[in-house]
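Protein chains: 8
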Amino acid sequence: MKLNVYLAGEIHTDWRDQIIAGAQGLAVTFSGPVTDHAASDDCGVAILGREEQKFWHDHKGAKLNAMRTRKALTDADIVVVRFGEQYRQWNAAFDAGFAAALGKSLIVLHGADHQHALKEIDAAALAVAETPAQVVQILRYTLEGELPQGSA
Amino acid sequence: MKLNVYLAGEIHTDWRDQIIAGAQGLAVTFSGPVTDHAASDDCGVAILGREEQKFWHDHKGAKLNAMRTRKALTDADIVVVRFGEQYRQWNAAFDAGFAAALGKSLIVLHGADHQHALKEIDAAALAVAETPAQVVQILRYTLEGELPQGSA
Amino acid sequence: MKLNVYLAGEIHTDWRDQIIAGAQGLAVTFSGPVTDHAASDDCGVAILGREEQKFWHDHKGAKLNAMRTRKALTDADIVVVRFGEQYRQWNAAFDAGFAAALGKSLIVLHGADHQHALKEIDAAALAVAETPAQVVQILRYTLEGELPQGSA
Amino acid sequence: MKLNVYLAGEIHTDWRDQIIAGAQGLAVTFSGPVTDHAASDDCGVAILGREEQKFWHDHKGAKLNAMRTRKALTDADIVVVRFGEQYRQWNAAFDAGFAAALGKSLIVLHGADHQHALKEIDAAALAVAETPAQVVQILRYTLEGELPQGSA
Amino acid sequence: MKLNVYLAGEIHTDWRDQIIAGAQGLAVTFSGPVTDHAASDDCGVAILGREEQKFWHDHKGAKLNAMRTRKALTDADIVVVRFGEQYRQWNAAFDAGFAAALGKSLIVLHGADHQHALKEIDAAALAVAETPAQVVQILRYTLEGELPQGSA
Amino acid sequence: MKLNVYLAGEIHTDWRDQIIAGAQGLAVTFSGPVTDHAASDDCGVAILGREEQKFWHDHKGAKLNAMRTRKALTDADIVVVRFGEQYRQWNAAFDAGFAAALGKSLIVLHGADHQHALKEIDAAALAVAETPAQVVQILRYTLEGELPQGSA
Amino acid sequence: MKLNVYLAGEIHTDWRDQIIAGAQGLAVTFSGPVTDHAASDDCGVAILGREEQKFWHDHKGAKLNAMRTRKALTDADIVVVRFGEQYRQWNAAFDAGFAAALGKSLIVLHGADHQHALKEIDAAALAVAETPAQVVQILRYTLEGELPQGSA
Amino acid sequence: MKLNVYLAGEIHTDWRDQIIAGAQGLAVTFSGPVTDHAASDDCGVAILGREEQKFWHDHKGAKLNAMRTRKALTDADIVVVRFGEQYRQWNAAFDAGFAAALGKSLIVLHGADHQHALKEIDAAALAVAETPAQVVQILRYTLEGELPQGSA
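If you read the sequences in order, they're chains A, B, C, D, E, F, G and H. The opening residue of the first sequence carries number 1 in our numbering; numbering runs sequentially from there. The opening residue of the second sequence carries number 1 in our numbering; numbering runs sequentially from there. The opening residue of the third sequence carries number 1 in our numbering; numbering runs sequentially from there. The opening residue of the fourth sequence carries number 1 in our numbering; numbering runs sequentially from there. The opening residue of the fifth sequence carries number 1 in our numbering; numbering runs sequentially from there. The opening residue of the sixth sequence carries number 1 in our numbering; numbering runs sequentially from there. The opening residue of the seventh sequence carries number 1 in our numbering; numbering runs sequentially from there. The opening residue of the eighth sequence carries number 1 in our numbering; numbering runs sequentially from there.
Keep in mind that the hints were calculated from the coordinates and are not lab data. These figures come from a predicted structure and were not determined experimentally. Incorrect hints may have been included.
Unchecked claim - Below, computed lysine-lysine pairings styled on BS3-like, alpha-carbon distance capped at 25 Å:
id, chain 1, residue 1, chain 2, residue 2
1, C, 2, F, 2
2, H, 54, A, 2
3, A, 54, F, 54
4, D, 2, G, 54
5, B, 2, C, 2
6, H, 2, G, 2
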């Protein structure tokens, strides 16, 4: 068994790197959005031409980013969605809903303080984790049936 | 042509009532989540028994609410998602993603100040409106081909 | 909103009648398997001719019953699966798996003693209930947003 | 032609090993659930934290196991479901129903004494076998058109 | 429960009339192909203009007939396919394959002499009947759980 | 049998009226795009606000129109696509492709001079007609098995 | 581009070999049913045990063969169905219907004398060929855009 | 991440070559229709035999071409549709509609003068480009998150 895992959500901390590093040696292919915030915001106008209105500037960019996101979400077996401390992060929740409707296995990754606000998303998930290390343990268990040492 | 329209998102203002009142006489059947905030939060434990942990209290409730939401989203032709000024509203964004993945026509309803934060959701929508009255006009145009007076 | 609810599983107690009676007045259409045990066992040979072998006797009957079950499961919005105290009830679990794969909302109804043995099915459900009355309360809440009195 | 075969059900005898050994040289990739009973029961709390209630202890574990099961069932061409002599084995029947709804080719493997209780599941299957050796013969015939020697 | 039943295949005897008459009072809506042989053969050129080549004459007709057949097959819950004594009846077998791929419940209706030649189609069916009366009994049992009198 | 028929394409002649008038008494529900050319072009800005750029003016309108078109195409059993003498009519061809991918029965309606340019679309259709009267005859034959008088 | 091509139908002449030989060097993977007639007829009882009744003898065999057929049909891009001069060949027509419902590209291969009897199946096909050499030319053209020499 | 990209539409300029050359080194597999205009027009009769009527000549060819087109469109992640200055190009618009209904990411490539006539297709796209170089930049950004130099 091999797994395609999409890492959605927050792009300001190194949680993706932690998971990818922790999962070395496992049969996992990771994907994720473009995490260069400026490139992600400006890609539409950088490639397809300037816009006067901020709305259309953003619109062109969001649509370009959707090409990558839709492809990766559709190919994924498991979608991990991370909610951080800052910003609205509505696109993270949107990706979670998109993944849920496609029947993907969902892992939500967030701190305890967001528990109530994320209850609908957690309810659609197969796991709710607090740390990247737990996500790695889930992937290892799913692929190899192996639990973290000392856990029993 | 008849339309099923699901009204997702913010539950603290009367935007649903405005749309339903404005659409009187149109061939639209509206649905929406349970908007009694306390009932929505506590339904799980009220029916299925108390939980010590807040997480499971919320979990049981969120799952019960999902029965209604999934049914109504699946039956909908058009999903209107309203983002208000307060709270995280991650479930609104989750519903939008869910609806998008099902290929539903999406109308996003929000103020100008949320424009940048909602750009991915707006990019998946067929319309971005600022007022309930605009949503009514869209429904009327879609069903009857009629534009608001004075608009030409 | 109207709901189609399929009542799967145990056929030796009156739980279906309790739910149907309790849900009177709600916009629910119920369906279920043939609950006449003898007819259900013998329908195949009664209509299509005797079999020497018990295996084919059962086979013909099970296939006839599948016409009703598949139709009703496919049309259902919510599938309630009841596990009783007796018998193997593998067809109840089969129906639960079938419903889960179709994305139906699943309510599992069983006593506390079966909790461990049913954990995989409970994990696929949106609600785990112990009494028919709770199922009625779930249907009422889903349709009308109304919680049982005294529950708050 | 290559086949993905998921081996569902009973985890207390070596039937999986027998099939895998017998199928050596055939173009088959096998998958199955985690068969370490203790790990399978405790994985949820071992990775995601302790639960007071047995129900939630089991719930977290069952959901983690579902990540592997759903992925493997979805990827499978053929699902073999084994029913043994002990335990309720409702998750085996659940997997059979799930596989049937996805249109997978189903092989049920059980002793003659379970024939009546499994009639609905047998009726949804393309083969009902009594021994692992028969399953191997089915796989060989399906892939290479070759029948067991002496069978004619 | 209501059933849509498509009556496919042989058009030279009154088996459809027998089933429809026998099913009076049951919640069944029947559909079928155009059974006027001449109209069915010539509809394409009669409406869309003459063809020199018999192949294209037939082609235009077969495509027009497909509009009705595809609609009715797609809407059907149960497809009854009747094989008679004469002609090739490849379109009957084609309809059976089409219905099977759509997951419809299939009832095959044929005499004992065709048993070997129809074994693949019978194997995809939920019932193999010899008489229209048996089809009626299946529909009655499926809808009302009632077996033919004297059958027990 | 009842049919939903979507009338796509050219909006400058009265072909829709001819078909609807001719089909009176048949069990057909017709739908079509908004045929008020000015309203169709300007609906986006009339409801959702002015745009400086012609591209976004058109974009907002085309998306609003898509709500009606997608709903009606999705609900249709048969899609009639009319190509007239003027304009590019790329949206007609787009609707034809959309309908073909959804597996709808396609009738293409065009004059002989467009035969070569429309060959890919004709090849995806179940009928190629030249007049609205022929479309009516197809609908009548499909529903009632009746050919035009004098056609034999 | 690579193609999976399933070669369905008649098993008494060497048409499969001709196509496979002719297509050497093309990016095509061929599959087909078990063409050993005796093995195909007896596989069920040879592996799963004797049956008294010819019907169940055939039934068990047809179901085993369905594992291979369904897998190969589902994986195919193009399905070639050959109708020969002898036998009923209802399973060939069944496979054609199954493939059509899955949206596969269909090539029908038959002599001119079967033209009228196969008109519904030809109407569902993208090509009707008379010789294996034509099938090879279609595959070559589809993959490499190359027409047979001297054909212009 | 790897991308399958189908290049649909205009076949008289070298835009496909420009994109393929520009995308060298990227993880993209390109496909497209047969671009030899004469072969594409005559393939049907060249392989399957002459037709008297131009309509059937074209019909046979269009259907053969559909085998390649449908396969490639179905396998594609991204569909680029180019509209040139000449001809009706209805098949380009048909491919766009087909791709949109399948949920493919759509890039439309056309000059500013076609903006109004293509507004419905542009509205269904994730990007509207004017040059092949922009398409290459979109593919590079989607795969590697890299914007064209100097674009910021």
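| query | Looking at the structure, which of the earlier hints fail to hold? | reply | 2 and 4
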